[in-house]
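Asker: Listed below, chain by chain, are the residues.
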Amino acid sequence: MLFRSVDDRMITKMLPKTFKAMEQWNGNDLPEEPVYKGLYEDLTLLKKNKTYGKIIARLNYEKSGFSSLIKKTVRKINKLEEGNYKEQFIKIHKRWGQSEYLVALKNTAPNWSYAKYLKGVDLKFDQDRNIIQQDEDRRIYKTLWLRTVNVAFWVTIFCFILAYPISHLLATLPMKYSNLLMICVLLPFWTSLLVRTSSWMVLLQQQGPVNDLIVWLGLAADDNRPELMYNVVGTFVAMTQILLPFMVLPLYSVMKTISPSLMRAGKSLGGTPLISFVKIYFPLTIPGIGAGCLLVFILAIGYYITPALVGGASGALISNNIAYHMKSSLDWAFASALGTMLLIGVLAIYWVYNKLVGIDNIKLG
Amino acid sequence: MALPSHTSLNYRIWHYTYLTFCGLVFFFLIAPLFVILPLSFNAEQYIHFSAKMLALDPDGFSLRWYEDMIYGTKNPWGLATKNSLIIALFATIGSTILGTVAALGLSSRHMPYKAAFMALLISPMIVPLIISGTAIFFFMAKVGLAATHTGIILSHIILGTPFVVITVTATLSGFDHSVTRAAASLGSNPVNTFMKITLPLIMPGVISGALFAFVTSFDEVVVVLFLAGLENTTIPIQMWVGLREQLSPTIMAVATCLIVMSTLILVSAELLRRRSERLRGINQ
Numbered sequence: 001m002l003f004r005s006v007d008d009r010m011i012t013k014m015l016p017k018t019f020k021a022m023e024q025w026n027g028n029d030l031p032e033e034p035v036y037k038g039l040y041e042d043l044t045l046l047k048k049n050k051t052y053g054k055i056i057a058r059l060n061y062e063k064s065g066f067s068s069l070i071k072k073t074v075r076k077i078n079k080l081e082e083g084n085y086k087e088q089f090i091k092i093h094k095r096w097g098q099s100e101y102l103v104a105l106k107n108t109a110p111n112w113s114y115a116k117y118l119k120g121v122d123l124k125f126d127q128d129r130n131i132i133q134q135d136e137d138r139r140i141y142k143t144l145w146l147r148t149v150n151v152a153f154w155v156t157i158f159c160f161i162l163a164y165p166i167s168h169l170l171a172t173l174p175m176k177y178s179n180l181l182m183i184c185v186l187l188p189f190w191t192s193l194l195v196r197t198s199s200w201m202v203l204l205q206q207q208g209p210v211n212d213l214i215v216w217l218g219l220a221a222d223d224n225r226p227e228l229m230y231n232v233v234g235t236f237v238a239m240t241q242i243l244l245p246f247m248v249l250p251l252y253s254v255m256k257t258i259s260p261s262l263m264r265a266g267k268s269l270g271g272t273p274l275i276s277f278v279k280i281y282f283p284l285t286i287p288g289i290g291a292g293c294l295l296v297f298i299l300a301i302g303y304y305i306t307p308a309l310v311g312g313a314s315g316a317l318i319s320n321n322i323a324y325h326m327k328s329s330l331d332w333a334f335a336s337a338l339g340t341m342l343l344i345g346v347l348a349i350y351w352v353y354n355k356l357v358g359i360d361n362i363k364l365g
Numbered sequence: 001m002a003l004p005s006h007t008s009l010n011y012r013i014w015h016y017t018y019l020t021f022c023g024l025v026f027f028f029l030i031a032p033l034f035v036i037l038p039l040s041f042n043a044e045q046y047i048h049f050s051a052k053m054l055a056l057d058p059d060g061f062s063l064r065w066y067e068d069m070i071y072g073t074k075n076p077w078g079l080a081t082k083n084s085l086i087i088a089l090f091a092t093i094g095s096t097i098l099g100t101v102a103a104l105g106l107s108s109r110h111m112p113y114k115a116a117f118m119a120l121l122i123s124p125m126i127v128p129l130i131i132s133g134t135a136i137f138f139f140m141a142k143v144g145l146a147a148t149h150t151g152i153i154l155s156h157i158i159l160g161t162p163f164v165v166i167t168v169t170a171t172l173s174g175f176d177h178s179v180t181r182a183a184a185s186l187g188s189n190p191v192n193t194f195m196k197i198t199l200p201l202i203m204p205g206v207i208s209g210a211l212f213a214f215v216t217s218f219d220e221v222v223v224v225l226f227l228a229g230l231e232n233t234t235i236p237i238q239m240w241v242g243l244r245e246q247l248s249p250t251i252m253a254v255a256t257c258l259i260v261m262s263t264l265i266l267v268s269a270e271l272l273r274r275r276s277e278r279l280r281g282i283n284q
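In order, the protein sequence lines correspond to chains S and X. Take 1 as the starting number for the first sequence in my numbering and just add one per residue. Take 1 as the starting number for the second sequence in my numbering and just add one per residue.
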């Protein structure tokens, strides 16, 4: 995958003679005859194999306008006569006489390119290989990264707020009750992710129970039901519920080891419940908090299924974009670049997790 | 949790707020699952509680969506179930064997770079599935295993192994190594010792790891989404496709079956955990 993300040899492979001829060219004025002759030979071959579609996509990404240029040239290439290709090419399409198109073509020559990584953070190369900001209306990846981190962060916070009290309850209740309540945590944990997501789709739909409740409580009019699904709200709620067990289990296993006599000792020494909690109980649970938060954050940042089904367009995260480039736009190199960036982020957190918690301490169930 | 009579009013209020909050969180955790159950018995075609259902009128309920699930032709649930079971079974066997062996190796005291190996073995669990999916797809396409059962099974083995490693390592932490030495001193060879002594003792960990691996494979969407062709469709893939189109009651019926299955798995996992704790209690 790493290899894919920087691999940019396609054009060079498909237009070998052109690039051979281009080595002689200084890149300022229009190139000489050999370049056009190379182009003629390469394109004729591509037309015979019917594979020129690939280079159109790649070249059009480098500079828009290449699509019609190549198509028109390929259509008329059989009519060309031997010799003086330069003039004939310019006659087919005047863009062959404009040096910026040929410069763009030359720029695709290097075999390895980190252009895809730049695209992933809204930067790009300009004609002279300087790194510049993407045009205003095309800057979407920064927003996407920020949203992903933002969602992961808040889901972690919500999970923590919800999980802390119930883990405490589970750890302090007598075994008989806590085992029963533990099922409430473990059953969602064991249930298929898609089942849980589909139940949230049922709950959050426009005519669903949650909306019914909101209308019944008078918080919204019946004909003006709030959109709970296909936006960030849906992603938040569903992800919090789905990842909650991953927070409860590490917290619970830490709290279980804290002796209740410590709190009693705190009280007997004159501390109010609040002070004993802040000074004694809370610091002791910090390993559990660290483990749970990091685990939930790591899982949330790469989440795919739930945002894809519940999130809609405004709730889509970076992983949805990776999947889009893998399955729909087929820009595998870009998907790999985004994936590599995400992977580096996750591995960094994983490293911290390993240092703080120790990987041996992961507990399941 | 009745409070002693001497507690102050403030504390009482705080205590009951705390209990209510906990109750709400438990409700939040479990309620979504129970929404699906009644809806799968809906007689109507829409996913909402019809008036007849709310009135508990028998006419409002039917098994037609279960019929549709089993005999319906629109979604190949039969093929999906078969594929899911085959893939999950082989993936479970593979990851259980690999995971157990890895955990045994890692628990040995002479193992160099223990932490690094552990981190590497656990990483498939941590790396986002979308990334594993992408990478596995490129790899499988290169070796010609894309859109085959073998390819999917191999990738599920990768994904399931960390769970087995973790559970078996946990059981091994209470394992008394002197019993294997005792077996060796009585003339048993290592293989015999493993089969007769070690394996029975770590069995609860192995089985609960296997359960995790099974569920992981059975529930896995992303990798299969990238790898599978039409022939290799699985239950999660069918659900995914169905959910993207529209919510149909048939999906609710499938979901109900899956919830029943996960309840069974939960019960067996819980029983195993207790047994394992009991066994480890004896060892200490």
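It is worth saying that the hints were derived from the structure and are not from the lab. What you are looking at is a predicted structure, and each value in this text was computed from that prediction instead of being measured. Using N, Cα and C, we set each Cβ at its ideal position, and we do this for glycine too. Careful, some of the hints might be misleading.
[To be verified] Here are the simulated DSS-like cross-link-like pairs (lysine-lysine), alpha carbons at most 30 Å apart as the crow flies:
| hint | chain 1 | residue 1 | chain 2 | residue 2 |
| --- | --- | --- | --- | --- |
| 1 | X | K114 | S | K327 |
| 2 | S | K47 | X | K82 |
| 3 | S | K142 | S | K176 |
| 4 | S | K142 | S | K86 |
| 5 | S | K279 | S | K327 |
| 6 | S | K327 | X | K142 |
| 7 | X | K142 | S | K48 |
| 8 | S | K256 | X | K82 |
| 9 | S | K355 | X | K82 |
[Unchecked claim] Stretches of chain X that chain S covers, calculated by requiring three or more beta carbons in the stretch to come under 8 Å of a beta carbon on chain S:
| hint | segment |
| --- | --- |
| 10 | 183 to 197 |
| 11 | 257 to 267 |
Asker: Next step is simple, just say for each hint if it's right about the structure.
Answerer: Right, here's what the structure says about each hint:
1. X:K114 to S:K327: Roughly 38 Å separates the two Cα atoms, so the pair is violated.
2. S:K47 to X:K82: violated (45 Å)
3. S:K142 to S:K176: Between K142 of chain S and K176 of chain S the Cα gap is close to 50 Å, so the pair fails against 30 Å, i.e. violated.
4. S:K142 to S:K86: Roughly 43 Å separates the two Cα atoms, so the pair is violated.
5. S:K279 to S:K327: Violated. K279 of chain S to K327 of chain S sits at ~52 Å, over the 30 Å cutoff.
6. S:K327 to X:K142: Holds - the C-alpha atoms of K142 of chain X and K327 of chain S are around 17 Å apart, at most 30 Å.
7. X:K142 to S:K48: This hinted pair holds, its Cα atoms lying about 27 Å apart.
8. S:K256 to X:K82: violated (42 Å)
9. S:K355 to X:K82: Distance ~43 Å between K355 of chain S and K82 of chain X Cα, so the pair is violated.
10. 183 to 197: violated (count 0)
11. 257 to 267: holds (count 6)
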